[in-house]
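Asks: The lines below spell out each chain.
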Amino acid sequence: AQSVSQHNHHVILSEAASLELGCNYSYGGTVNLFWYVQYPGQHLQLLLKYFSGDPLVKGIKGFEAEFIKSKFSFNLRKPSVQWSDTAEYFCAVNIYNFNKFYFGSGTKLNVKP
Amino acid sequence: DAGVTQSPTHLIKTRGQHVTLRCSPISGHKSVSWYQQVLGQGPQFIFQYYEKEERGRGNFPDRFSARQFPNYSSELNVNALLLGDSALYLCASSPAGAGNEQFFGPGTRLTVL
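Protein sequence lines correspond, in order, to chains A and B.
Letter by letter, the first sequence follows residues 1 to 113 in the working numbering.
Letter by letter, the second sequence follows residues 1 to 113 in the working numbering.
I should point out that these hints are in silico values taken from the structure, not numbers from a laboratory.
Hints are supplied without guarantee of correctness; some may be wrong.
Straight-line alpha carbon distances no greater than 27 Å define the calculated DSSO-like cross-link-like pairs of lysine-lysine that follow [unchecked claim]: (1) Lys108/A with Lys58/A; (2) Lys100/A with Lys71/A; (3) Lys49/A with Lys30/B; (4) Lys52/B with Lys49/A; (5) Lys100/A with Lys52/B; (6) Lys100/A with Lys49/A; (7) Lys71/A with Lys112/A; (8) Lys69/A with Lys108/A; (9) Lys69/A with Lys49/A; (10) Lys52/B with Lys58/A; (11) Lys58/A with Lys100/A; (12) Lys112/A with Lys69/A.
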């Protein structure tokens with residue numbers, strides 16, 4: 001079965017620290033990749049997506065992610081986090097040919113002011 | 001524009017009962033997907049419907065079924081409820097089919113006693 005792995009379940013950072021959240025997937029074919037964020041009390045919302053082209057994609061609020069095909073990875077980064085980035089972050093993979101979507105288990109980020 | 005709406009917000013059922021959850025997509029969106037999110041886990045893909053046809057199915061038993069109506073709204077039905085069906089059920093809509101950005105609703109919290 002296909003899977004999406006997020007290595008960090010809970011991350012605690014101080015404001016201005018740099019962030020990198022890992023995401024690996026297990027499917028070798030064509031995929032579309034996403035990072036979603038869920039702020040406390042809010043719906044899941046899209047941070048960024050990768051379909052094709054430049055493997056370094058930029059999203060909202062200063063987030064970016066890099067697709068490394070050889071490593072089956074799509075890590076999320078932000079150079080300097082803010083308290084308002086406190087949320088849960090989910091990596092998701094769409095296996096295009098099979099119309100299936102897989103989410104990772106999520107990473108809870110807590111940014112201390 | 002209104003976002004994705006789901007009803008009811010909360011629901012309590014007993015084992016063996018049947019439940020119907022409803023979803024209205026964003027206006028103009030033709031695709032609806034359903035997910036189950038158990039506490040502490042990421043969303044698990046159940047179904048995708050596009051233009052009223054099932055286009056994708058996750059690894060859920062036949063007790064789970066869904067349909068999409070001509071106005072693109074959707075219902076998720078679960079028969080013979082089990083305790084393990086207790087979860088947050090999320091609906092997501094997208095403008096087109098596979099691989100597109102999905103917009104999530106607030107979810108329906110189902111508790112099975």
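Asks: Which numbered conditions among the earlier hints are violated in the structure presented, ordered from lowest to highest?
Replies: Numbers 7, 10 and 12, in rising order.
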